[in-house]
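J.: Here the protein sequences line up with chains P and A, keeping their order.
Numbering of the first sequence is given in our numbering, commencing with residue 1 and proceeding in unit increments.
Numbering of the second sequence is given in our numbering, commencing with residue 1 and proceeding in unit increments.
These aren't lab readings, by the way, just hints derived from the structure by calculation.
Possibly wrong hints are sitting among the right ones.
Identical copies go unnamed one by one, so any copy, or any two together, can satisfy a pair.
Claimed, not checked - Within a straight-line C-alpha distance of at most 20 angstroms, the following computed EDC-like cross-link-like pairs (lysine to aspartate or glutamate) qualify: (1) 195 / 205; (2) 209 / 340; (3) 277 / 263; (4) 266 / 12; (5) 199 / 150; (6) 241 / 220; (7) 241 / 185.
Now for the letters of each chain:
There are 2 protein chains.
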Amino acid sequence: MLRFAVDAMGGDNAPQCVVDGVLQALKEAENRFEILLIGQEDKVKPLLDGQDTTNLNLTFMHAPEVVTMHDVPAIAVKTKQESSLVQGLKICKAGGADAFVSAGNTGAQMAASLFVLGRLPGVLRPTIAAYFPRLQDGLTNVVDVGANVDCKPEHLVQFAEMLTIYQRDAANIEKPLTGLLNIGEEENKGSELLKQTYKQLQEADSKKKINFIGNIEGNDILREKATIVVCDGLVGNTMLKFGESIPRFLASIFKPSIQQLVDSGKLDPEAAAITSKAFMDMFQPFDVEKFGGVPFLGVDGISIVGHGRSSARAIKNMIYMAEHMIEKKVNQHIAEALSDQ
Amino acid sequence: MLRFAVDAMGGDNAPQCVVDGVLQALKEAENRFEILLIGQEDKVKPLLDGQDTTNLNLTFMHAPEVVTMHDVPAIAVKTKQESSLVQGLKICKAGGADAFVSAGNTGAQMAASLFVLGRLPGVLRPTIAAYFPRLQDGLTNVVDVGANVDCKPEHLVQFAEMLTIYQRDAANIEKPLTGLLNIGEEENKGSELLKQTYKQLQEADSKKKINFIGNIEGNDILREKATIVVCDGLVGNTMLKFGESIPRFLASIFKPSIQQLVDSGKLDPEAAAITSKAFMDMFQPFDVEKFGGVPFLGVDGISIVGHGRSSARAIKNMIYMAEHMIEKKVNQHIAEALSDQ
């Protein structure tokens with residue numbers, strides 16, 4: 001039976017949302033896996049005590065330290081060895097769990113995962129991708145979104161290769177399409193780095209490692225031209241955060257204008273409520289919770305990284321994601337593909 | 001009297017929208033400047049013939065060649081010397097006009113401007129900024145958005161300096177605030193390039209050349225933390241195009257859902273129409289037409305670059321922008337600031 005170590009202390013709404021998410025997962029999945037919940041006893045136990053956990057495959061483990069959102073990653077990993085983050089990963093490394101799940105400090109989780117789990121054979125740099133909104137079936141993953149900000153062409157090519165395997169194995173996308181984010185479509189566009197990357201992506205395509213569709217631009221992402229958008233971590237991180245800020249920005253314009261229409265008698269309150277719901281529903285493709293989190297791809301183990309704002313539902317879906325990655329042997333396939341180069 | 005050379009052939013809706021924009025500008029401004037309209041006689045003249053231009057300060061000049069949106073910039077500039085683009089800039093250089101305005105091929109306009117006009121003293125690399133949506137007063141300029149994709153720290157610092165002068169002189173912003181786009185707020189974040197840039201921006205701040213507020217992230221742009229967002233051209237270009245694609249993406253979700261509410265009798269058609277208008281109005285902060293275009297900052301002359309989709313109103317506003325930059329001596333101030341370093 002698979003066993004997942006879950007960081008009870010990670011996330012803005014932790015430990016409550018983590019406890020809720022773990023219980024939901026175990027109940028919904030009817031105990032088909034075990035959960036090792038790790039965190040500070042005085043914070044987590046009271047939340048568990050109020051619940052009926054007698055028939056659930058749930059174990060609690062005390063970890064006295066906590067890595068916070070404000071901790072500097074490299075320092076936190078060294079100085080907080082007794083944290084749920086470091087302990088959870090160490091248990092994975094020792095074989096006591098098959099995957100680690102956290103919605104805590106992303107930088108610290110990446111640093112600790114790399115330090116404790118190490119890299120898969122052949123992987124130059126583990127990477128983190130994000131899910132971008134999509135109307136049609138499939139996925140749009142932008143990679144990298146902040147783990148690597150000084151990428152060389154060979155790093156970007158490996159990101160494409162890892163995501164191709166991930167999408168094919170874990171998301172059932174038959175033919176993942178890789179686009180290189182650039183300032184124009186033509187082959188000779190962009191910096192020297194991008195021109196070199198273009199050539200190496202072509203080579204990877206000719207070896208059937210990826211399906212390369214060429215350069216794409218910022219406005220091609222929501223047009224769903226590619227399922228994998230490759231870029232340096234600064235570009236991906238900026239676009240991700242910029243995109244995340246848009247719903248609130250637009251709502252701050254739309255909501256008052258609807259309210260004004262109601263106040264002035266031009267729109268009846270019922271119609272306004274219906275409209276406002278349609279407006280909020282419009283942002284459903286921006287809902288990252290259905291995925292839960294993203295794997296830190298390329299490390300020798302499974303480490304699922306969640307958004308700090310994760311809800312119980314997101315935590316639950318992160319656990320499912322971990323399970324799915326193990327069943328589909330994503331890491332094994334990445335190691336096979338990248339170690340023979 | 002100021003004289004502006006306007007490219008009649010530039011833009012998706014050229015020459016019609018250019019002719020309309022020029023006539024609107026001259027009428028609205030009551031002939032306080034002259035316009036030299038340049039383009040292919042057989043395309044432009046018929047449009048002018050239908051109009052009463054007797055009392056307007058308008059001169060037409062024939063240019064047999066046209067630089068299209070599909071031309072490769074460097075090649076177009078060399079091979080199409082008789083185009084409205086190259087001719088217009090040459091007339092500026094020779095003193096026959098005070099500024100050049102075009103909504104044509106941006107890359108070609110930048111290449112031709114640099115080639116024909118040259119750089120202002122002290123300027124390492126001319127740059128192009130974009131206007132980002134803003135709710136409060138002021139401007140949010142992201143710089144660079146595609147003119148420079150391999151920036152060194154000293155280039156990024158100069159972009160901040162030029163934009164500071166531009167915003168202060170031409171947009172009446174008393175204290176422009178510069179933020180460095182990064183993956184996190186802390187000083188030690190990001191690539192080596194960004195760390196170096198951070199230091200040099202601090203130095204420029206201590207010399208009172210700019211007001212540096214530190215690192216900002218993608219989600220800080222719409223929060224209006226900075227009036228000047230400094231980044232490499234790939235990042236800026238990607239974010240600009242990504243942002244431009246969002247209204248259509250959201251409308252493709254919202255409009256059918258409103259229609260469905262009407263069809264199912266849950267929303268009456270009148271309320272739907274009012275709501276749809278509020279929805280479209282929500283994108284007004286995304287309307288770049290009020291600015292018209294952006295100056296190619298750092299060249300020894302005024303070259304205003306418009307969006308390919310420019311309307312007559314945009315063309316008109318680009319002419320006003322050129323006028324304003326000359327009156328406020330923006331170029332003179334940039335040369336003074338950058339040549340004493």
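J.: If a hint holds in the structure, say so; if it doesn't, say that too.
T.: Do the hints match the structure? See the list:
1. 195 / 205: So residue 195 and residue 205 pass the 20 angstroms test inside one copy only (15 angstroms; across, 35 angstroms).
2. 209 / 340: So residue 209 and residue 340 pass the 20 angstroms test inside one copy only (11 angstroms; across, 53 angstroms).
3. 277 / 263: both (18 angstroms within a copy, 17 angstroms between copies)
4. 266 / 12: For residue 266 and residue 12, neither the intra-copy (40 angstroms) nor the inter-copy (38 angstroms) Cα distance is at most 20 angstroms.
5. 199 / 150: both (19 angstroms within a copy, 18 angstroms between copies)
6. 241 / 220: both (18 angstroms within a copy, 8 angstroms between copies)
7. 241 / 185: This pair counts as between: shortest inter-copy Cα distance 13 angstroms, intra-copy 24 angstroms.
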